[in-house]
Structures are given as structure tokens and as C-alpha cells.
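Protein chains in written order, with our numbering: chain A, 1 to 615; chain B, 1001 to 1253.
If you are wondering where the hints come from, they were derived from the structure by calculation, not from laboratory data.
Some hints here could point you the wrong way.
[Stated by the list, open to error] With a straight-line Cα cutoff of 20 Å, these simulated SDA-like cross-link-like pairs (lysine to any residue) come out: (1) Lys586/A - Pro1228/B; (2) Lys331/A - Val317/A; (3) Lys586/A - Gln1230/B; (4) Lys586/A - Arg1246/B; (5) Lys562/A - Arg395/A; (6) Lys586/A - Ile539/A; (7) Lys562/A - Gln405/A.
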Amino acid sequence: MTGRQAVHRLSITRLRVTVSWQPLILASTGAGLLLMGLADEQARIDGPMSLPLFWAGILFMMGPSIWGLVAPTPSRNERISIVLILGLALYLVKVMASPIAFTLPDEFTHWRTLDDVLSSGHLFADNPLLRISPVFPGLEAATAAARVSSGLGVFPLAMILMGAARVVTMLSLFLLAATITGSGRVAGIASVIYMANVSFLPFDAQFAYESLAIPLAFLAIWAVLCWSRHSGRSLLHGGLALAAIAATTVTHHLTSLVLVTFLATWAFLSLVRYRGAKPRWPIVVAAAWAVAVNIVWLATVGGLALTYLRTIVLGGVDELLAVLRGATAAKQLFVPRVGLPPPLPEIVVAYASVALLLLALPFMLLHAVRGRHPPALVLVLVLAAVLYPASLALRFTVAGSETSQRASEFLFLPLGVLGADWLVGSRPSRWRPHGRLIVVLALLVVFAGGIVSGDPPQGRLPGPYRVAAEQLSIEPQGTDTAAWALSELGPNNRLIADRTNAKLLASIGSQYPVTSANQHLGTAYVMLAQTLGRGELDIMRRAGIRYVVVDLRLARDVPVYKYWFESAEPDAGQHTTPIPLAALQKFDGLRGVTRIYDSGDIIIYDVRGLVDGAP
Amino acid sequence: MALRDPRGRIATTLIILLALGALAVQLVADHPALGVVSLILLAVPGFAITQALGPRPLSWPQVLLTTLGTSLVLAVLTGIIVAISAHGLDASSVAAVELVALSAAATIWLWRLRRREVNWARPRIRVGPGSLLLVVLGLALGSAGFVVATRAAQDQTHPGFVQFWSVPPRTGADQLLGVRNATGLALDCQVAINRPDQPGYDWHIGAIDNGQTWLGQLPRTEVTDTRPWQISLHCAAPDGSTFDRRLSIDPPA
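This is chain B alone, in the form it adopts within the complex (with noise of 0.2 Å):
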């Protein structure tokens, strides 16, 4: 029985733990520190089923070969099948499919382990300081590499702008001027509406920081206004810069 080899039940409590982890951590995927074991676990279908079915003996890259290669297609399979279902893909759907592949390929395990056609090869691998020294100098370079690039690309400078809009409301609400200044710098900023029909409105808005977005109420329609509004935004950095942003709106309902 494969339940009296020591090897066979470890290895039989730790494939179980890793299905219960898969479902539980698929179930509550919503904290993000659970996403990268959850994305691991989502191997372990994969591993089961190489394990299972496999013949032996299966090198490493065979083994590993098979299990990346499986997981992908069980994905890939797994998100068509239950997104073309009337349920839909969601997280109890892909986990419930995921669970069905895990416990039949563990069920055929353990039946293989019963009538001792599974082999345990003990991996050996062998690391000296020279080597060890090497892979923690390329990673550590690699990495190095990695992070210039990514702080390159965050610290890339573009134009700043300044977004400056007014649309017609979609529940009836009162329509709204909005500015964001996405600068880098705080802006002082001042709106001059001109409506044909009627005197001109300045609005002096103030300060907007960087980042920050500024949304104010749009004066009240008489019923003289007609003719398109003509909106224009005019702002100023403390460097002296400027930027100025024009809109032409029918005069709100």
C-alpha cells in the first residue's frame, strides 16, 4: 500500500494541503498578497497530472516541461469551457474545474502508488562556492539591470498638461467644469466663460496641485442662452509657464 511508504504519505498530505490552499486561496484571491501563491498553486493541477499519468522515469525539464505546459493548457481549456458556459468565468467556476483535473489526476496517483508504478527520485544537486558566488553576482546584476530600466521608464519626463473638460451630465445632474493638472507643478488658475447672450463670467479657481483635480458648477442657463458658451482655462506656474485650454459647449439644460 502506498499509504504505509512514509515518502508516499508525505507526499500524499502535501498534494492534498495544495489542493485545499488552491481552492481556499482561489476563493478569497481577493487580497493581493494571496495573488502570487494563488498563481503557484495554479501549477499544482499541472504537477498532479504529470505525476500521474507520466511514464517513469521523466527527467527534470521533462517534469517541469510537462507541468508548465499542462497548467498553460488547463488554463487555457479551463477559462474557454466555464466562459462559454451559461455560469460564466468567475473564481468558483475556474476553481471548481481546477479541482476536478487536480483530484482525478491525484486519484490516479495514488491508484499508481498502490500497485508501485511511481519511482521517487531523490534530486541531487550539488552547488560549490565558486558557482554560488557566480549565480548571485548574475542575479544581482540582473536585477540591477531590471530595476534602471523600471526606474528609467517612472522616471521618464513627458509635457505636463492640464486636462480641462465640461460634459453634459448622464443622470440629470447639474453639468460640471472640471480641471486636473498633471504638470508636475502647482498651478494658479482662472476660467473665463463668455456666453453670447449674456455678461461674461470669470471664476478665479486658485491653487491646483499636481495630480489634483478641480470640478466646479457651471453657471445657470437663462433662457436668452442660445449660442455655444465659449470656456477658456488660463493657468500659470510658478516657473512662468502657462497653459491655456479652450472648450465651446451648448449652454447646459
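Chain A with its partners taken away, still in its complex shape (with noise of 0.2 Å):
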């Protein structure tokens, strides 16, 4: 790029004034913040205006951005501005839609293992609400570091780390594609495309392990990068990488797995394509601390996490082969359990969405291996495209749904990547879609569909409480019944709740839900029998239950999300009434059971002279 185009600038004549990108697209930027504030406004009272006004919002901040990182003559300054501008403008709208506490359901399970960490001092406390948090406490870690050296409140804090980790994000994806391709234009599409991931706009923002370890996996990558185009010399770079890498290893299992594969497979081919003709052995140094930093934490305090990848993804690859056999019925895609499905126009550009990725894959594939002698990064960066196909195949698996979200974090970095050097790298290809308007609609498209994808409309907006749905459950009588608990019955008194209060009650109040993730006992049957019989009472004096929790609304609709309890509930996904008040009432005038709390929906009984009476 000349220097004459590097300070291109857009000439607005009837104003007779004269302006740069990225003032234009912060301002476009901010009306779809607006327009954004003003969704939430309205779904906050079940509006109907509430989707039209979240897709304006969209609408304002991508379309003019896409059409600024499209063009051929920004800087690269001025691409990188408008990716970071992009970046935190969707970063706002996950902070919007709960802009004064925690409301999604991770952030609580995060909240304790912080809260644990605060109150101790020290870390690997059991968490309740997932056992695995406390093993990976490097949010957690950074977190209570700059609470006690700022004083500030968790949940401010929390806000402004998540904020800082999108930066990151943003300008290490960017940095790291610009240093691939040696174009800033293919660094701001592959930096649009990777916003199209189906996590992107929700899950990566929230206060969770993932959102932090994401960007630290990315740092890593370009820092170990550098540090081999700078032969070794650098310092910075050198130390960055180490030391992000051990980062990310204690931060989150599956990113520091995924970071493990793609080094050693990065490594393995640097070293088989270049043997003699480059440096290489920062990127050996790279991949060998991060297999020996793994292995070391995986051997001390997080072997748990093999059990729990193994689970989770073994689950979906079970379940789909089952499909495939004919066994079990593929999920439908689209349906949801109660109320409406999304609008049919979302459900058509979530298809043309992924069908333009997939028609895409070849070229993409083709273009980055064709007719030159690829670098090492780049044949990684194609291995690790060719399974984007085979994670979108998950997607028909109730157990392997999550799984495909989880790896469209990884897998859209090589589809930017490649996808934006196909679309307008400076390598001419013959394959590639001509004209501005048709890229950036298409880009448009991918970006709504990663969008449509990733929630359905309740889960990417507030709203009026419902049944077991995530953060649309969180609501005042919940949260104070939760401090009532810590206040009035002390701190890790083990008792049954559903999910949603179990969230509440494990964070705001520090109490232990037992559950059969947790303790292996199926502490939702207790709650589901209509009578409690001896095998009901034989669960409870074995968990050791001191409290039970009832919350009479679940008897009023079928959960919004798959379980009022935990997934290893009774027909957990296939609830098709509410649950009977008998079932709920149960405890009421047993002998041994006192109801020592009511607020109206929730009721709290205290079961110890039940428990712990003869048998």
C-alpha cells in the first residue's frame, strides 16, 4: 500500500469537510448501540419491536464496517481502528443486555470459584457448580489479583477484564493474519469472519474461563510467530509467548489442548518443510513448553479434565454415530422446546449462512495451497479448516450440539484466515466472487447466521422471567432468596435446588447444590418423585441434604432450556408438561421437615429431622 493511499481519506463535499473511516463507523457504530439499548428496552417488556431493533443495531454497526474493511483503500491504522471499534461495539451488547449484574448462567459457576479464591486466599476450593472450574482458575486468578489491587466491585471488574481480553482478541487475530497474508485488507475480512462464529457474540463475552483463555491462545500464536520471524532475537516476543501459553494452560482445558495441537502440528511441519532453510526451533522451544506446561498441570491438579473432555465430546461422536446408523432420530435444528421458533427469515440466513461457508471450503482450501510452496502455519491453518464440516455434523446430535459450538471458537480463525486471502489476498484466483456488494452481503449473511445459530431470539436479548431459561430466570426474589440463605443459614450448607436457584444460592449465597455432577447422586429425582419414598430419602441421607429448596413456578410451564434440574434428570430434554405441585408440595407436614422460609414462589424446608431421623 503507498503512502498516499495509507492516508486515503473520504470526501463528505457538501459538508466541505473531510474525514477518515473510522470516525464514520464509530458514529454508525454508535446508532447501532443505540438501536441495540433500545431492543433490550423493549424486550425487557416483551415488546414486539424488540428483534426488528436488535437487527437494525447489527445492521448499523456491521454493514458500514464490512463496507470499510471491503474497500481497497483504508490504511492498515485504519482497518485495525475499525476492527477493535467492531470488536468492543459487540462486546457492549452482551454487556447491555445484563448491564447491571451477572445474569448468564457460567458467570455465576465462575463467580463462586472467584468468590472462593477471595475468601481463602488461596486457590482448588470445590465448586459445586462445576468441579472442573476450580482446576483452571487463571480467570479467577487475574480477577481476585485486580480486585484486591483496585478495591473495585466483581462485577465491574469482571466487565472491564472481559473488555481488555476482547481487545486482545481483537488485535492479535488481526495482527497474527496481517503477519500471514502481509495484507491489513485480508486481516480486517479474516478478522469479520472470525466474529461470525456462533460464540462470538454471546458466550466468548461472558465472565468465563473460555473468554479469557481464547485471547490468550491467540497472543501466544502471534507472539511465537513473531519470535520465529524475528530468528529467536526477540525478547519480547519470546517471553510473551512462553508466558502466555502457560496462561492459557491453567486458564481452560479444551483452548489449552487445542493450543497444544496446533503448535506441535505447526512444530512438526516447520520441521519437515524447512529443513535447513529457516528458524524454526522457536516454534519447537513453543510447542515442547506447551506439551510440557500441559502435561505438568494436567498431572498435578487437572487430570479431572480428561474425564470431562473425554465426556463431552465422546458423548456427541457417540450420539452422531448413532444417527448415522439409524439408531436414534437427528436433532432438529431450529425447534425449540416451548414458545415460537426464531422467525422464519433467521432460520434462512442460518442455512445460507453455513451454505456459504461450505461452498466456500474448497476454494479456500485450493486457493491457499495452489500454485506456491505454502508455509507451515498455512498448511495448519488448512488441516484445521477441513474440520469445519465434520463439527457442523455435531450440530445434529443433542450431546455433540455444545462440542460444535465450542469448536467454532478454533475453527473460524483458519476459516478467516484463508477465507478472506481467497476473497481479496493480492495472489490472483480465478474462483473468487467479484464486486464490493456481493463480499460484503456475503459477509453480512455469514455474520447473521453465525448469530442465528449461536441463541435463539430469548437467549440473545432480556426479558420477563420464564421458566428454567438461563438469564431470563434471574430475577429479584431469586437473587435475595439467595442472600437470605447466606445471611440466615451460613455459608456451604448442602441442600437441593433447581438449576436456576442452585446457580443463585451456590454464588450470592455460598451454598453446595448437590447434584449427580457434583456428588453422583440424583438429587432431581428427590424433587420429581410425586411422594418421597425410601429411595428418595435413601439419596438425600447419602448427599447429606440439609435444605430443600422448591420453587412453585416450575409447576407452571416446561423448562425454556432442556431441564428444570440438571441434564441427568428423567426425560431431561423431552419435558412436555410442567411438573405436577404435588410433586413440588410434597414436603409440606412431613414429619422431620420444617418450612422455615417463603417468599411466594420459593419455598425453603429445612429436611435435617427427616434425614437424620430412623430410617
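With the hints as a guide, bring both chains together as one complex.
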């Protein structure tokens, strides 16, 4: 790019002012955020305009930004600015949906771990919501360090930390793509394609370990590349690479394993392809360090991760094989358990998005390897991009949907870099789509499809209370009950509660909800039984249950999410009727049971007399 | 010598002041006004390390990425190291580790300054009036959106509720009855205690304002009290709405 092009300006002749790309895009992004705020306001009163306003906001943010990034004239700095503005604006979309407190389920999980670190000053306390969380405490350790240093509240601190993580994600992504392809234009579009992954908008913006581990992993890859480019002489990049790898390892299991695989493949291909030609030892050192740090962490404290990941990944693969054999039915996409399905245009856009990526995949792979001796890093990206169709297949399974969603946040890195290089890279391509408008429209469809596939409408926006509906079930009666429990009952009482109240009671209330996930005891069966029999009582005794928390609202509707209590409950994912009221009221009047708390919808029973009584 | 260079002197003074400021603020971080300042100062070690170890020249995106990235990595590793240590994670241990990192980086930086390995690139930012107008407009619109979303979250109406409880005391004190009004309205409440082996007990609490908690001591248990007490609460609001709650507790010890 020439110096003249680098300072290109748009002229708005009527106003006789000269402006660059960033202010224009900042203004349209600001307008998009205003529309998003109005969408949130509408959604909270169940207003009909919430979804149209949401999409209008997305269009205001994405349209001009993508247009600017596809245009050949902006300088590299302008492109980086646009990518940063866009990445932060999309982060703010999540923050604005819950601007005053945590509402996403995973956030309560990590809040509990953070609370344990802050109260004890040490790591690895048992977390009843997710036992793997304290084993990978990088997020909580960083937040706790910032908390004791700054004195800021946990919620604002978490939002600032995740915002900083988002900046690191966008910058490392852009600079990585720019270093690989040598083009700021390719890097800008690669960043947009990455933002189209289904986890980007809400999931990777929440206060959770993966949201921090991904930027750390991207930072590590970029630093290794720079270290290698400087022939191993840059202390900054070398140190940063090794430190970022270590930080990723202690922050998130899956991300660190993906990073190890990526670096090891890169090192292997570098050794095979560049024998004696280019400095490759920094890549090998980084890969060896990643392997060593992971082995040490997994062997000392993180062994639980292997069981956890095996369950998640193999569960999906097993179900997919059963679907292919015809032994079980494939999961129907975009069919909600309750309420209205997503609007038809959204479903069309989601399918079009996947179709565009699948259609483009062979061309981008061919373009990456054709007519040159591709660098080892490009070959790693090609190998990773090939996995994209396989990850989509998991979408047709109940158990594998989550794996597919998680995979997208890694697979869209190669898809972004290779796809952008194919679309606008400097090397010519015979099968490249022509016309800026076509490329912009295609990118808009791919991005919108990612949003639709990631979450149903009720998952994207706030709203009134609904039964077992993740963030929509968080409301003052539940949070105040949890705060009451800590104040009046003290911490760490073993209890049974539904999923929403369990999250609140374990985080705000510091209680210990017992589930089959943390104690291998099916407490949900106790709650769903119409009467309390010998089997249910035996579960309560073995679990050492002290309190039972009953939310009578569970008898009003079927769960929006898959279950009321946990995935191991009877008929999880297939509930067609609400819980019978009799099942929830069965503790009333039982010998040895006292009713100690009543807030209208939520009742707390003290069952010590029943559990400790004669069998 | 770096310190003969006026820019070197200014930079060195600045980083030492920032280091001391970071340490001081971290040690008195209880003051909420210092929270944000302290958080910004947490990025100082990252910036110092970038300046100390970075190759030249680094573009502003690279400086921003390495500063933020190093700060995040340092925060993670510092938190892990001090929390694993016997001392545990607190303000002083975090400040100590950050100060060690900062001092090491500052020393290397000064050493490189002395060897004239550090280039001083002057950042140039030119902003025209049209651009400035659009930046202000964008920030204003975005802020307005954030304010709208925040106000909507604060003003979202949820069904009002009344909390009613009685829990055996943990410290041997008398058992209390509690009522908390979260209805958004002032309530007039009364309690009826049904003791199967004793005469009933009616209790007019009176007015409880929104957000207020009322605590009352339960009547003494008689020796003949063996069966659970049934306690009911009835509250009425000026708009005619009523709230009924009930408890069933063992006779207080």
C-alpha cells in the first residue's frame, strides 16, 4: 500500500469536511448501539419491536464496518481501528443485555470460584456448580489479583477484564492474519469472518474461563510467529509466547489442548518442510513448552479435565454415530422446546450462512495451497479448516451441539484467514467472487447466520421471567433468597434446588447444591417424585441434604432450557408438561420437615429431622 | 548516557513515579476512588516490559497488544503464583510480585536506553473537525444506548414479593421471626401463630415500608409444646393487593 493510499480520506463535498473511515464507522456503530439499547428496553417489556431493533442495530454496526474493511483504500491503521471498534461494540451488546449484574449461567459458576479464591486467598476449593472450574483458575486468579489491587466490585471488574480480553482477541487476530498474509485488508476481513463464529457474540463475552483463554491462546500464536520471524532474537515475543502458553494452560482445558495441538502440528510441519532453511527452533521450543506445561498441570491438578472433555466430546461422537446408523433420530434444528421458533428469515439466513461457508471452503483451501510452497503455518490452518464440516455434523446431535459450538471459536480462525485471503488476497484466484457489494452481502449473511445459530431470540436479549430459561430466570426473588440463605443459614449447607436457584444459591448464597454432576447422586429424582419414598430418602441421606429449596413456578411451565434441575434428570430435553404441583408440595407437613422460609414462589424446607431421623 | 537525554530523563522519572504510584494505590486500594486508577496502573508493568524487551520499531497496535496481553498474562500468573504460595493472595503479595516485574523491566529498559537501543517515535494524531464531530456523535449515541439499556434493566418491573422466615438461631439466642417487604409498596401486616397445644397468638406488626425488614421474637415455648407451630403472615397493600405466607417450625428451643 502506498503512502498516498494509506492516508486516503473520504470527502463529503457538500459539507466541505474531510473525514477518515474510523469516525464514520464510530458514528454508525454508536447508532447501532443506541438501537441495541432500545431493543433491550423493548425486550424487557416483551415488546414486539425488540427483534427488529436488534437486527437494525447489528446492521448499523456491521454494514459500514464491513464495507470499509472490504474497500481497498483504508490504511492498515484504519482497518485495525475498525476491527477494534467492531469487536468492542459487539462486546458491549452483551454487556448491555445485562448491564447491572451477572445473568448468564456460566458467570455464576465462575463467580463462585472467584469468591472462594477471594475469601481463602488460595486455589482449588470445591465448586458445586462446576468441579472443573477451580482446577483451571486463571480467570479467577487474574480477577482476584485485580480485585485486591483495585478494590473495585467484582461485576464492574469482570466487565473491564473481559473488555480488555476482547481487545487482545481482536488485535492478536488482526496482527496474526496480517503477519501471515502480509495484507491489512485480508486481516480486516479475516477478523470479520472470525466474529461470525456462533460463540462470539454472547458466549465468548461472558465472565467465563474460555473468554479469557481464547485471547491468551491467540496472543501466544501471534507471539510465537513474531518470535520465529525475528529468528528467536526478540525477548519480548519469546517471553510473551511462553508466558501466554502457561497462562492459557492454567485458564482453560479445551483451549490449552487445542493450542498444544496447533503448536505441535506447526512445529512438526516446520521441521519437515523447512529443513535447514528457516529459523524454526522458536516454534519447536514453544510447542515443547506447551506440551510440558500441559502435562505438568494435568498430572498435578487438572486430571479431572480429561474425564470432563472425554464425556463432552465422545458423547457427541457416539450420538452422531448412532444417528448415522439410524439407531436414534437426528436433532431437529431451530425447533424450540417451548414458545415460538425463530422467525423464518432468521432460519433462512442461518442455513445460507453455513451454505456459503461450505461452498467457499474448497476454493479457499485450494487457493491456500495452489501455485506455491505454502508455509507450515498456512498448512496448519488448512488442516484445521478441513474439520469445519465435521463440526457441523455434531449439530444434529443433542450431546454434540455444545462441542460443535465450542469448536467454532477455534475453527473460524483458519476459516477467517484462509477465507479472507481467498476473497481479497494479493495472489490472484480464478474462482474468487467479484464485486464489493457481493462480498459485503455475503459477509453480512455469514455474520448474521452465526448470531442465529448461536442463540435463539430469547437467548440474545433480556426479557421477563420464564421457567428454566437461563438468564431470563434470574430475577430479584431468586437473588434475594440466595442472599437471605447466606445471611441466615450460613455458607456451604448441602441442599437441593433447581438449576436457576442452584446457580444463585451457590454464588450469591455460598451454598452447596448437591447434584449428580458434583456428587453422583440423583437429587433431581427426589424433586420430581410425586411422593417421597424409600429411594428418594436414601438419596437425601447419602447426600447429607440439610435444606430443600422449592420454586413453585416450575409447576407453571415446561423448561425453556433442556431441564429444570440438571441434564441427568428423568426425561431431560423431552419435557412436555410442567412439574405436577403435588411433587413440589410433597414436603409440606412431612414429619421431621419444617418450612422455614416462604417468599411466595420460593419455599425452603429444613429436612434435617427427616434425613437424620430413623430410617 | 540515557539520563543525559531529556526524553530519557522524563521517561525514567515517569515510570518510577508510575511504579511508586501503583504500589501506593495497591496498598490503599480500599478507597473506591482509587480503584480505577489502580486498575490502569496494573497495565504499567505490561507497558514497561514491552518497552524494555520489545524489538524496534513497534507499531501502536503491537505496543497496545503486547502491553494489554502482557498485563493479562501477568495478572493470571501473578494470581496463580501468590495464591499457591503459603502467604496467599492479598493486596500486598500481588503488589510485591507486580513491583518485582516492574523493577526488572525498568532496569532492562534503562540498560537499553544507555546502549541507545531505544528509539523514541513521536506519535502523530491528526483529527479534522469533521472527524471530531463524528467521533463525538458516535460516542454520544453509543453512550445513549448504554444508558437506555441500563435504565431499562434498573426499571424492569418484577412481581413484588414478601420474604417471611424463622430459623433456629446459630448462637443460642432467641429464635426470631422475620418479614422483608420487597413489593414496592408499604404494607400493613399481621402474624397468626397456631400452637396446637397452646392458645393461638395474633400479632399485629403494623406498617412495613418497601425495602424494610421487620424482626420479632417468637413467644416462649411451653413444656407442653411438642407439635410444630403453624405461622401465617397476612399483608395488605393500599392498592388492595394482599400477600399471604406461611411457615411450619418446631417449637423454639
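A quick look at each hint next to the structure:
1. Lys586/A - Pro1228/B: Since the Cα atoms of Lys586/A and Pro1228/B sit roughly 17 Å apart, the hinted pair holds (cutoff 20 Å).
2. Lys331/A - Val317/A: Holds, because 14 Å separates the two Cα atoms, which is no more than 20 Å.
3. Lys586/A - Gln1230/B: It holds: about 17 Å lies between the C-alpha atoms, which stays within 20 Å.
4. Lys586/A - Arg1246/B: The given pair, whose Cα atoms are some 15 Å apart, holds under the 20 Å limit.
5. Lys562/A - Arg395/A: Holds. Lys562/A to Arg395/A sits at ~16 Å (cutoff 20 Å).
6. Lys586/A - Ile539/A: 16 Å, holds
7. Lys562/A - Gln405/A: Judged against 20 Å, a Cα distance of about 16 Å means the pair holds.
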